[in-house]
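First to last, the sequence lines map onto chains A and B. Position one of the first sequence corresponds to residue 1 (this note's numbering), numbered consecutively onward. Position one of the second sequence corresponds to residue 127 (this note's numbering), numbered consecutively onward.
Check each hint, because a few of them may be wrong.
Unchecked claim - What follows is a set of in silico ranges between Cβ atoms, one per label pair, in the way DEER data are often shown: (1) B/Arg-197 with A/Gly-87: 39 to 49 Å; (2) A/Glu-22 with B/Gly-225: 33 to 43 Å; (3) B/Ala-237 with A/Glu-116: 18 to 28 Å; (4) A/Lys-49 with B/Asn-194: 27 to 37 Å; (5) B/Ser-242 with A/Ser-26: 30 to 40 Å; (6) A/Ser-26 with B/Asn-231: 21 to 31 Å.
Unchecked claim - Residues of chain B placed beyond 10 Å of chain A at every Cβ, according to the derived structure: (7) Val-164; (8) Ala-211; (9) Ile-226; (10) Arg-227; (11) Thr-228; (12) Ala-229; (13) Glu-233.
It should be emphasised that the hints constitute simulated quantities derived from the structure, not laboratory data. Even glycine gets a Cβ: it sits at the ideal position worked out from N, Cα and C.
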Amino acid sequence: MPIRSSQDLVLVRQAVRTWSAELKFSLVEQTKMVTAASELARNTLDYGKGGQVTLAVVQEGIRRGLRLSFEDQGPGIPDVELAMRDGYTSGGGMGLGLGGARRLVNEFDIVSKVGEGTRVTVTRWK
Amino acid sequence: MERIPILRMGKVLLVTIQVDMHDQLAVTLQDDLTSKIVETGARGVLIDISSLEVVDSFIGRILGNIANMSRVLDAQTVVVGMQPAVAITLVELGMSLPGIRTALNVEKGMALLQASMEADEAELEVPDASLED
């Protein structure tokens, strides 16, 4: 799904809600995953100058989960560790986006190259 | 342009958010509310978020902004009706909504606003009384 405008954030939230519901996530789990998606999609839009998100159902043994991969071809993050810290922001936000999203999911992975872009992958298991 | 309606009930402005807000809509609400407080001389703002399924850090920040701006304009803000799942998620996200007063539902929120508006008025009467002594 493309992330090009603030209207797209709404569509991403709705898609993640639908997929989480289909995976039988509890209401709290759904809300956490949708909120994490909203934070990361906004980062993609605001800092990555737009990009896309890929949704996938993943299976590991008997457990299933939802994996979201946010990619942009923006300026990249020079210091990922710093960007993950709560309260740190390079824009006008509250600095809760990355660190907050990490707390809302089970697995969190970020790869960023300056000048090439950023990819954040998160997974939540049922 | 798409807008969230603001209703006036006496000295209180009532906002019920019933759509999945995109960021621009939230910013527009913030602007509309501050203008409306000035226009109507409202002393209280009640925001019902019971239909909101997601409150992320952006929406949280907007709610905080609204509370701060209304305070500067001599009005109180109470946010009511937050869903339990939203409250759990907000805390885990790391947001505690500092400066925002909350109540369980519209009725309790109205009572809270009423009480604080009465308290404000009582406070204003105190200096007069002391002058008479």
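### Query
Any of the earlier hints contradicted here, and which numbers?
Numbers 1, 3, 8, in rising order.
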